[in-house]
Amino acid sequence: MSSVNLIILGMMIVTYLPRVVPFFMVDHERLPNKVKQFLEYIPYTALGVLVLPGTLTAVPEHLTASVIGIIFTVAYSYFKGGIIISVIGTIGIVYLLLLTGIF
Amino acid sequence: MILEILDKKQGFKDGFPIFLGYFPIAITFGILSSNTGLTFFETISFSIIVFAGASQFIAVKMIAVAASPVAIILTTLFLNFRHFLMSASLSARLKVKHKGVKGFIGFFITDETFSVASFAKGQLTASYMMTMTITGYLGWCLGTAFGYLLGGVLPKLLQLSMGIGLYAMFVALLVPKIKGNRLGLLLAISSGLLNTFLLKVIHLSSGWSIVLSIVIISLTATIIVKGEKYE
Chain A
1 MSSVNLIILG MMIVTYLPRV VPFFMVDHER LPNKVKQFLE YIPYTALGVL
51 VLPGTLTAVP EHLTASVIGI IFTVAYSYFK GGIIISVIGT IGIVYLLLLT
101 GIF
Chain B
1001 MILEILDKKQ GFKDGFPIFL GYFPIAITFG ILSSNTGLTF FETISFSIIV
1051 FAGASQFIAV KMIAVAASPV AIILTTLFLN FRHFLMSASL SARLKVKHKG
1101 VKGFIGFFIT DETFSVASFA KGQLTASYMM TMTITGYLGW CLGTAFGYLL
1151 GGVLPKLLQL SMGIGLYAMF VALLVPKIKG NRLGLLLAIS SGLLNTFLLK
1201 VIHLSSGWSI VLSIVIISLT ATIIVKGEKY E
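Chains as they are written, first to last, in this note's numbering: chain A, 1 to 103; chain B, 1001 to 1231.
The hints are simulated quantities; they were obtained by calculation from the structure and are not laboratory data.
Heads up, the beta-carbon is just placed ideally off N, CA and C, and yes, glycines get one too.
Treat the hints with caution; some may be incorrect.
As the list claims (entries may be wrong) - Residues on chain A that point at chain B, a partial pick, calculated with CB under 8 angstroms:
| hint | residue |
| --- | --- |
| 1 | M12 |
| 2 | P22 |
| 3 | F24 |
| 4 | Y44 |
| 5 | T45 |
| 6 | G69 |
| 7 | I83 |
To be verified - Derived PhoX-like pairs (lysine-lysine); straight-line CA-CA distance at most 20 angstroms:
| hint | chain 1 | residue 1 | chain 2 | residue 2 |
| --- | --- | --- | --- | --- |
| 8 | A | K80 | B | K1179 |
| 9 | A | K80 | B | K1177 |
| 10 | B | K1179 | B | K1121 |
Please model the entire structure based on the sequences and the hints provided.
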């Protein structure tokens, strides 16, 4: 087996296991309330780390365009909601900003 | 509370932004992999078998400098360990009994599919989870193939702009959930700031920084906040 194939296989195992093991480990009914509470907070804290600081470097070397794009996302999802339009609109705005060549 | 049962159609709809976000990133991966000298088969195998965004990029860059397979695999383990926390959180809401199906869905848990599933209103059925995650997965695999075979199929500026797509999705998922939810807002902002601090000031690797930020902030809040549901 070539070393690249070995790497792919090894990566598959170490990627898959952390994703799947909790599905068979956590018996939600039996968990203490404090553990349930901890697990309920994870979507919020996880989204926090996924957004910051990554958003600022989402469009490499175009910080201003990224920030303006995300301001639109925040405003649109706050007042209107809807994921698809938020995503396409943000991409569109960033694209137009880059086309101007200023940002 | 009776929750709406999420169906295939909703799964496709919710998976589409992930498809859109993955596609241009996967193109970049295909191009990088081709420039590094990997074969098409190896490149597409990465995306089909591993399905692990950032760690695929790191792996190919490490292959380029002839790093040892063990080092590459360990780096991947650290970087992807955060999914353990995400799956544990999701597990409580997963309405799937069949073990094989659970094992199958587990393969498709990424930052993006976790985020969409976490904030989906309704029961996470097997058919919803499969259509949502596989729609995203197709974007990843197709983008990889396109990138390897055709290089920059998209105009360069458009490709660059599409890099904001997944972040826009994260923000658009989060904002309605933290609107009028002070605890949720506080949790998200403090973990984001802690992550920024650990990465930029302490210079931790991103695998450690992400896991530590999630655990420290969630744990602190669990200790401080009284047990009742806050929603």
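Evaluated hints:
The criterion of a C-beta within 8 angstroms of any C-beta in chain B is met by A:M12, whose closest approach is roughly 5 angstroms, and the hint holds. The interface hint given for A:P22 is met, as the beta carbon of that residue sits about 4 angstroms from the closest beta carbon of chain B, less than 8 angstroms. With 8 angstroms as the threshold, the beta carbon of A:F24 comes within range of chain B, its nearest partner Cβ sitting at about 7 angstroms, so the hint holds. Nearest Cβ of chain B to the Cβ of A:Y44: about 4 angstroms, under the 8 angstroms cut. The hint holds.
For A:T45, the interface hint holds, the least distance from its beta-carbon to any beta-carbon of chain B being 4 angstroms, beneath 8 angstroms. Given the 8 angstroms rule on beta carbons, the hint for A:G69 holds: about 5 angstroms separates it from the nearest Cβ of chain B. The criterion of a C-beta within 8 angstroms of any C-beta in chain B is met by A:I83, whose closest approach is roughly 5 angstroms, and the hint holds. Restraint check for A:K80 and B:K1179: satisfied, since their Cα atoms lie roughly 12 angstroms apart, inside the 20 angstroms limit.
A distance of roughly 13 angstroms separates the Cα atoms of A:K80 and B:K1177; the hinted pair therefore holds under the 20 angstroms criterion. About 15 angstroms separates the Cα atoms of B:K1179 and B:K1121, which keeps this hinted pair within 20 angstroms; it holds.
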